[in-house]
Amino acid sequence: MLKLFKISGDSLYPFYKNGQRVLCLKVFPKTNISIDDTVVFEKDSYGMMIKKVKTAEEDAYFVEGTNPYSIDSRNFGTLFKKELKYKVLFKF
Amino acid sequence: MFKLEEVKAHCDVPCGIYDPIVAQIAALSVIRMVDLMNAAEGDGTGYHNDMARYVAVKETEAIKCKEEIRIIWGDFIKPPQIAENAEIHTIVHNIMMLGGAAKQHASRDKAMELLAEVNKFAEIFWKIKGVKTKVAKSPYAPNEDVVYPVL
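Here the protein sequences come in this chain order: D and V.
First residue of the first sequence? That's 59 in our numbering, and the numbers climb one at a time after it.
First residue of the second sequence? That's 8 in our numbering, and the numbers climb one at a time after it.
These aren't lab readings, by the way, just hints derived from the structure by calculation.
It is possible that part of the hints are untrue.
[What the hints assert, rightly or not] Ranges of calculated distance between the beta carbons of each label pair, as one might list FRET restraints:
{"no.": "1", "chain 1": "D", "residue 1": "Leu-62", "chain 2": "V", "residue 2": "Gly-81", "range": "24 to 30 Å"}
{"no.": "2", "chain 1": "D", "residue 1": "Gly-135", "chain 2": "V", "residue 2": "Arg-77", "range": "20 to 26 Å"}
{"no.": "3", "chain 1": "V", "residue 1": "His-112", "chain 2": "D", "residue 2": "Ile-93", "range": "51 to 57 Å"}
{"no.": "4", "chain 1": "V", "residue 1": "Arg-60", "chain 2": "D", "residue 2": "Leu-62", "range": "56 to 62 Å"}
{"no.": "5", "chain 1": "V", "residue 1": "Lys-110", "chain 2": "D", "residue 2": "Asp-117", "range": "45 to 51 Å"}
{"no.": "6", "chain 1": "V", "residue 1": "Pro-146", "chain 2": "D", "residue 2": "Gly-135", "range": "41 to 47 Å"}
{"no.": "7", "chain 1": "D", "residue 1": "Glu-115", "chain 2": "V", "residue 2": "Ile-89", "range": "18 to 24 Å"}
{"no.": "8", "chain 1": "V", "residue 1": "Ile-70", "chain 2": "D", "residue 2": "Glu-115", "range": "39 to 45 Å"}
Glycine included, C-beta positions come from ideal geometry on N, C-alpha and C.
Take these sequences, add in the hints, and give me the full structure.
See the structure below:
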């Protein structure tokens with residue numbers, strides 16, 4: 059249900075900084091995912107990633123970093139909800 | 008005690024260090040090598056040594072030019088920027104073709120075309136970055152026009 063992650067990288071700077079911890083809630087089919095939520099997902103060779111939801115239309119979630127060099131949906135397209143593993147509750 | 012799982016806020020590494028100047032200098036180097044080849048005189052060992060070196064450098068710089076453009080095009084340019092700069096694909100393809108031509112031939116005209124296309128690419132790159140540009144002669148041979156950022 060709940061999981062802690064440590065952030066590696068600066069693609070969400072200044073909202074989330076390299077080395078910060080986030081407490082996350084597991085995403086279930088009925089979990090509400092809205093624009094500006096921060097989500098954790100696993101993507102191909104990149105491994106577990108964390109990004110912000112920019113648009114959420116039906117079952118297509120476009121996720122982006124705040125850094126223009128972020129690797130995100132601009133590279134690999136939208137995500138299905140089943141690909142979203144966790145939703146960030148808060149950082150510390 | 009226990010190790011937290013890492014979650015990647017992934018950027019390209021090193022984060023954000025892209026600059027077309029490397030490709031521009033490579034294109035200038037190709038022109039310079041062609042100029043040196045055309046100016047070379049003699050038929051002795053020294054001449055052949057010089058010529059071999061010019062050809063080798065021309066080859067290396069043409070490859071570097073293509074590689075640098077490929078990296079920026081592939082890693083930095085994103086779909087929204089492509090939508091705003093639809094000509095970018097044609098420019099990159101032209102650079103790939105002209106980079107190949109720079110290796111195959113010793114044509115100054117072709118080398119100048121390569122520089123012109125790389126300059127067009129640089130102009131778009133800096134526009135995306137929100138940085139103004141200017142055109143100035145390179146302060147070294149072959150003293151050709153280069154698009155520089157105004158910083």
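A quick look at each hint next to the structure:
1. One distance hint, 24 to 30 Å for the beta-carbon pair D/Leu-62 and V/Gly-81, is violated here, with the actual separation near 34 Å.
2. For D/Gly-135 and V/Arg-77, the Cβ-Cβ distance of about 21 Å falls inside the hinted range of 20 to 26 Å, so the restraint holds.
3. For the pair V/His-112 and D/Ile-93, the supplied restraint of 51 to 57 Å holds, since their beta-carbon distance comes to about 54 Å.
4. Take V/Arg-60 and D/Leu-62: their Cβ atoms lie about 59 Å apart, and the range 56 to 62 Å holds.
5. For the hinted restraint 45 to 51 Å between V/Lys-110 and D/Asp-117, the CB-CB distance of approximately 48 Å keeps it satisfied.
6. In this structure, V/Pro-146 and D/Gly-135 meet the distance hint of 41 to 47 Å, their C-beta atoms being roughly 44 Å apart.
7. At roughly 21 Å, the beta carbons of D/Glu-115 and V/Ile-89 sit within the given window of 18 to 24 Å.
8. Hint check: V/Ile-70 to D/Glu-115, Cβ distance near 43 Å, so the stated range 39 to 45 Å holds.
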